[in-house]
Structures are given as structure tokens and as C-alpha cells.
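A.B. asks: Residue numbers (numbering that gives the first Met the number 0), protein chains in the order written: chain S, 0 to 173; chain D, 0 to 761.
Bear in mind the hints are in silico, worked out from the structure with no lab data behind them. These numbers come from a predicted model, not from an experiment.
Taking beta-carbon pairs under 10 Å as the criterion, some of the chain S residues facing chain D (in silico):
id, residue
1, Q44
2, A45
3, Y83
4, R88
5, K147
6, P148
7, Q150
8, N155
Stretch by stretch, here's where chain S covers chain D in the computed footprint (C-beta under 8 Å, at least three residues):
id, stretch
9, 119-128
10, 269-283
Note that CB positions come from ideal geometry on N, CA and C, so glycine has one too.
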Amino acid sequence: MLAFTCATAQAAEGIEITRASIEASDDGYRLSSAYAFDLTPGLEQAIQHGVALSFTTEIELTRPRWWWTDDHAVSSRRTVKLSYDVLFRVYHVSVLGSIQQNFDTLDDALLAIRRPARWLIAPKGALKPGETYNVTLRMFMDRDFLSKPLQVDAFNNSDWRLASHKKTFTYRAE
Amino acid sequence: MIRALRYALVIGSAIASILLFLLASASSNTGFFAHDFTWLFGMILGVAGALFVLVLVAFWRLYSRYKAGKFGSRLMVRLMVLFTSVGILPGLVVFMVSVQFVSHSIESWFDVKIEAALDSGLNLSRAALDEALADLSANAGTVAATLAGQGGQDVSSILKRALDDGDGMQSAVLVDAGGKLVAGTAEDLRTDLAADLPTPQMLKQAAMPGGYARPEGGIEDDFREAHGDQPSALDAATGLRLRVVVAVPEPPGMAPRYLQLTQAVPVNLASNAAVLSTAYREYQERFAARTGLRKMYIGTLILTLLLAIFSATGASFLIAGNLAQPLLVLAEGTRAVAEGDLSPRPIVETNDELGTLTQSFNAMTGQLFEARSAVERNRAALESAKAHLESVLANMSAGVIVMDADGVVVNSNDAVHRILQVDVASLAGRPLDEIEGLEVFAGAVTRAFSAQSAQSAAGRGRGRAHWQQQIEIPRRAGTDDGHDLTLLARGSRLPVGAGSGFIVVFDDISDVISAQRSVAWGEVARRLAHEIKNPLTPIQLSAERLQMKLVDRVDPDAAALVNKATDTIVSQVAAMKRMVDDFRDYARTPPAVLAPLDLNDLIDEILHLYLAEDGSDVIHPVLQPGLPKVMGDATQLRQVIHNLLQNAQDALADRTAQDEPPRVDVVTETIHYVGADGCTGTAVRLAIVDNGPGFAPKILSRAFEPYVTSKARGTGLGLPMVKKIIDEHGGRIDVANRTDGTGASVSILLLKLAPEANLAEA
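The shape of chain S in the complex, shown without the other chains (with noise of 0.2 Å):
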């Protein structure tokens, strides 16, 4: 079953990362990506009705040792929540814990995560300046949040399936 919905992750397909790097700023290392990818019909209609959806992004960042496991120095998630208010026919996209934005079309609400906002995945102090670090991005649409009959449809249903890929990247921290 694990290796089931690894495969499925694997194989999905539908959002692309264009671009992530990581810059260090004075509060800490910042996530800067950008993404593409459209709304498959189906989740198109859902978001319509009114059904929220929600956008995780997966970050890690390990450094390779070689008498012992990797360091797993950063893992950290966030979460987008994109919904329609069916009443004022209002877009809202909100990351968990910090102020909602409200759009008026749908390609805003879309735009406002395809480019997200410099992200802090970590403190000042989480990574060794001079060390090299693997990367690995992904984002994908958050099944966990759908309610349960949801999530039984996106098992098979490529209609409620959107992923990127795994990106690894190098990153030497400043």
C-alpha cells in the first residue's frame, strides 16, 4: 500500500517547479519558488462548489554523512488553503496561521500560489554555514485535507491528483 502511493506520487504529474533556491536573509533561510501548473477540470469545479483545497509544500534538507545517517537539518511543511465563498463570490487563500488574502478570480487566487511569498523554512541557526546540504522539494495537493469519501475517489481518480515531482538541489549554506 506505502508503495503504492509512493508510486502514485511518483507518477503524478501536473505541477512543476520553475523555480526554488534558498536565500539567506537575516532572520533566517528563505524559500523562494515558483510553480506552474492549472487546476484539472474536475478540482476546477470543486473549488466552484465550494470545496477547499489545500496545497502543501514539502521541504528537506539533509546533509550526507558518511559514518552515519544523514542529518535531516530542516523538515518542514506549509500548507496553502485555497476556497471560494460561494455567497460573495470571493477567493480565499490563506496560509495556515497568517492573515487571508481574498481574490476576485480564480487565476489571482492561483497566481497568489503559484508565486508564493519568501517562505522561512528555517532559523538563523539550523544550518552550518560552509556545509553543503541536498535539497528536496515537492508540493502537491494536500489529500489529507479533503473529507474522507474525497480521498477514497483521489485514490483513483487523476481528476483529484496534483503533484510535482521530487526536486533536489544543493544548496551551501551562507
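Since the structure of chain S is provided, determine the placement of chain D on it from the hints.
C.D. replies: Frame of chain S, contents of chain D only:
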């Protein structure tokens, strides 16, 4: 079925049941479900797969056993099919109905009318909001028009008035083009007006015709976890308000200003709209999820069905195995009984009929065992009786031939071989008259049986079930011992099985005939001697008287004739007297006077007369020293030895130079034998062996009959005399040719030993 498979099936079924229960619970428990459904689903699939493999293994085992024709597999298969179908068919029916039910009931939840009603309600709410917005916008336009060009205190009073005019107005704010607060007033004085100023986007839109008009959720609702609590309708209603931003139509030359009015939506409208929108959203969500819901239910049903089927199959294996077990034990038992193993089978410990069956089966095998051992004992007894009978038959001296109704030999004993000189093995299965060498015998037997049949048919000879006849069989040509056989045969009919048979018993009575002959001869000789001897003396006396009276009265020539004739008569009469005496002696040998006698001394004494002691002797005595004394008549035994030595010397008389030197061995020795009563006995043997021509076959068989001789001159009474004397001594005499064919051998066995010799021996 092996134990491990059994346990695996039971445990697998138990786990499957627990998981199914969990799955059923999970369907109704949202929180639990969301996390663990996948995991649970996988687990159940795994267990189902494991069960499937187990069932497959069980099936494969059963199939291979069935294929191999292993005993009991057919029964197992039948029980299996029965139980499995009993388990699976109801499950299938329930499954089909459930699937139908689920498919249709879920579809029936979603109705076009409900959807339309929800849509209409939503549109109604939007329309109501839109109308309220339009009212507020119009109001805002009016206020903005009054504000145009105004400044200072007027603005505040206008705003104040606008706030008071409208129903539910929350605030009225005037901002400049940069969005900075120019003046403002609020219903609730504690409200921080600066915190709720229009954003630049709003201002931008307000500058356009129509201005900015939007309903708002009011309080910015925080991002909530999707599976967290939904905001209640009332919460949403309290926050619901309308916001209108319009540009103040300033006279030319003045900086643009913007008026913002906010108005709370009436609570009942707001709450109803919120409820409606929530319901709409949930309905839509469920509508979107209906496929998933159906998949979930059907998946659960399928899993349940699979588990039920596998469990049912597994259980049917177990039940079939348990049911078939006693039957297999019984079947094994019957096969063992068929192979002859009557040992008791393990008893099935149940109180039902199967247990009783095995017990009675064991009782049956026990009885069988008893019966069989009884049969075995009887058979052994019969066999030993038969063996005894056969050994009696084989060791009896008389020949026995058993034939069936067609004259085919069924059985015969060793004596037949000995007497008739035919191979016993060649007799069986062949008609008697076709066996080589037995033509005469067969003819005589057949004739005898025919005669008996005729006799019994004629009604005579009642009570005589057998015939008796003496049969003379000429010796076959080409064999050495060419004397005729005289058989005394008895034949009788034998009821053998369904048909009749014949049994012929015969004995070689040649010796008896021979003995009778010698007795007859003895009688003849005695009478003849008596009759002849009487006139001999007068004849002799008369001849001597003639000689005495006539010799002196006749001329010398005649006297010579008389003398000659008289001498001839006298000598011939003397010879005849001697011959007659011989006959008389043979016929009336005086009874032997037995006394202890050393045979070696006797032989020594006799041999003195024959031996020259100069190396040219032909007689070589080999006398065993310490020979026990025998009971014998010295005079008679002397005559025996004389006769035998004489015979040997006669046999060696006409030898030519190229023959090997003549030789006669005289041997004495002690013989130990086992008597008929089982005690050991001692005998003395005397053998006289020569290397002459030996006995002629014709002579050999009748050597002891009087007047049988091979010599030109001889009465033929020597050996008969010897035989008679030895018989008187209670001994045995045996004449034979030497096995290598050179010479004859006469062997005398003296069985009566002197008492002291016996004592000494003991």
C-alpha cells in the same frame, strides 16, 4: 491438512474479523478515518491476500491429493465444495443486494430539485445582499454629493447625519486619495476608525464609475484547519457587513476624497445566508464526493465479501477435514484389514455415530483376527497331518500310485521309483500307460481294474473293493541287472473329489519268491536224496558181489572188464552218494550250536591251509584286532569261510598274464549301528573281496538259490549253504559286485555277539 495451515487459517480469519470491525467503525468516525483509512484498507487487503494464499495452498494440496488419487481426497473435495458453497452463496447474495442498495441509495441522495433549491436560495441571498449594497451605494452617492466641496466641521456633521440616517450603519469615514483618514464617525465609539480604512485597491476601484461595493465577512476569519470546527452561522452573521467606497465628486481643483460607509447586514438575513451558503458548500462537497462514497462502501463490501469467502473456504477446509478424519481412519483401517493387518485402529473420541462406528470397526477387526487365527491353527494342524501322511507315504516300502478316472497319475511315492526304476517326477500328470518302461505294469493294472469293474457289474464279489494280483515285469533290455521283477499289486477305487480315482499299492516280492524257491528246493532235495540214497547201497553191494563172484570164474579178459565195470559202478555210486549227501546236508543242516567264538582266530586257523607265507599269496587278511567275540558254531562258520574262499579262488582261476595279479582280501571289522529301538548295537563284519570277473547279473539276483552256478562243475549249493548257515546265526549276508566293476564282494554281518563281549563293550 497440516496443523500450521489450520492455525494460519483460523488466525487469519480472526484478524480479518477484527479489521473488518475497525473498517466499519472507521466509516462512521471521521477523525479516525481520515488518518487510518488507508492504513486499514492496506492491512485488510494484505490479510485478505494472505488468506487467499492460504486458501490457494489448501486448494493446491487438495488438488494434488485428488490428482494422485489419494484415499479420502474425493470425500474431502465433496465436503469442501458443499461447505464452501453453503458459506459463499449467501455471502454473495448479501453482497449483490448491498452493492445495488448502496449504488442506488447514494445516487438518490442527490436530487436535481434539492440542488436547484439550494442554487435558488443562494441566488436569493446574493440578491438580497446585492440589494442592500445597492441601497448603501445610493446612500453613499447622496452623502458624497453633499460632501462635495465641504470641509472642516461640515464633513463631520454630514457623516454623523449619514450614520444616523441609515439602519444598522456602522461607520462613515472620509479619506483622502492616499487613504489617510480625513474625518470619520462610528456607531460604536470605541471603534478604532484608523484600523478599518479602505485599501488602495478599494480606492482604485472606488475611483471608477459605480465605486466599490462589497459585502465582507467583517472580522477576518483566521485560517482554520479543514477538519477543525466550522464557524457557526451566528459567528459568521455577527461579522457580516457591507462596505461601500465612493469617490466624492469634488469640484475641480480640489484633491480627490473618498467616502466609505459600512453597514451591518440584518442578523436574520446574515445568519440565513450563512446557513445557506454552508449547506450549499456541504451539499456540493458531498455531491463531488458521491463517487468516492460509493467506492468506499463498495470497497468495504468487497473486502468483507473476500474475507467472508476466504474465511468460509478456510472454515470449510477445517470442517471437512474434521468430518472426514474419522472416515479416513476407518477407510485406512479397511485397507489395512484388506492387506491383512488386523491391529486395532486409533479410536475417534466422539460420542456420535462416527465414534461408535470406529469402535465397532475395531471390534470387527478383533473378531476377524480371532477367526483368522483359528483358521490358521486349523490349517497348520491340517498341514502337519498332511505332512505326516506324506512322510509316511514317502517312507513306506510299498509303492503307491494314485490315478484319476482317466488313468493319469496324480501322485506317487518314492518307493515307486525304487521298485520300478522310473523317475517319480515324470509320473505325475501323465497317463500310466504312456510312461516309458511301465507298459507291462500299466497293462496289468488296467486289466485288473477292468476285471474288477466287470466283476462288480456282474454283482459278484460283493464287499471286495480291491483286487490283488501278482505281476511279473521283465527287466528292460539294456540294463545290467536283468532279472525279472515280481510285484504283488493291490488296486482299489478311490473317491477323489467329484470323480473317481484309482489307487495301486504294490510291493517287490522277488525276494519272497526267491525264499520260497529255496525252501521248495530244500524239500525236493531232501526227498530226492532220501529216494535216491536208498537204492544206492544195494547197487554198490550188488556190483561188488558180482565182481567178487565173477572175477575168478571168467577168463582174464572178461575178468578185467568186470573189474573195470564194477569199479565204475562203485565209484559212480560213491559220487552219487556224495551228491545226495550234499543235498541232504543242505536240506537238513544240523542246528547251529552257538558258542562264544573269536572270528579272527578262526580265520587265522583256516588261512594256514591256504597261505604259503612266501609272498606269492593271493589272500590278504586285514583283521581288526580286538574284535568282539561272536556267538557262532565254529564248524559251520569254518565251512562258510571255506566255501567263500573257494569261490574266490575259483573266480580267479582262469586269469591270463596280462591281467593284474589276483588278489583276495579278507577283512574283519566292528560295526556300530542304531537299532530299530533306538539303542546302538555292535556287529562284526566279515568281507571277502576278490578282483575276479564278479557275478553275472543273472546269477547275482539268485545267488542264494540252490543249483544256480556259473561253474562248469559244481552243485550250486555253496552260496545257498552259506546263506543258510548265516541265517541260522542270525546274521546277514550280502553279495554284490564291486562298485568299480572289478570283482565280487561278499559281506557277512554277524549281529549276535558273545554276552561277555557285549558286557565288555558296554
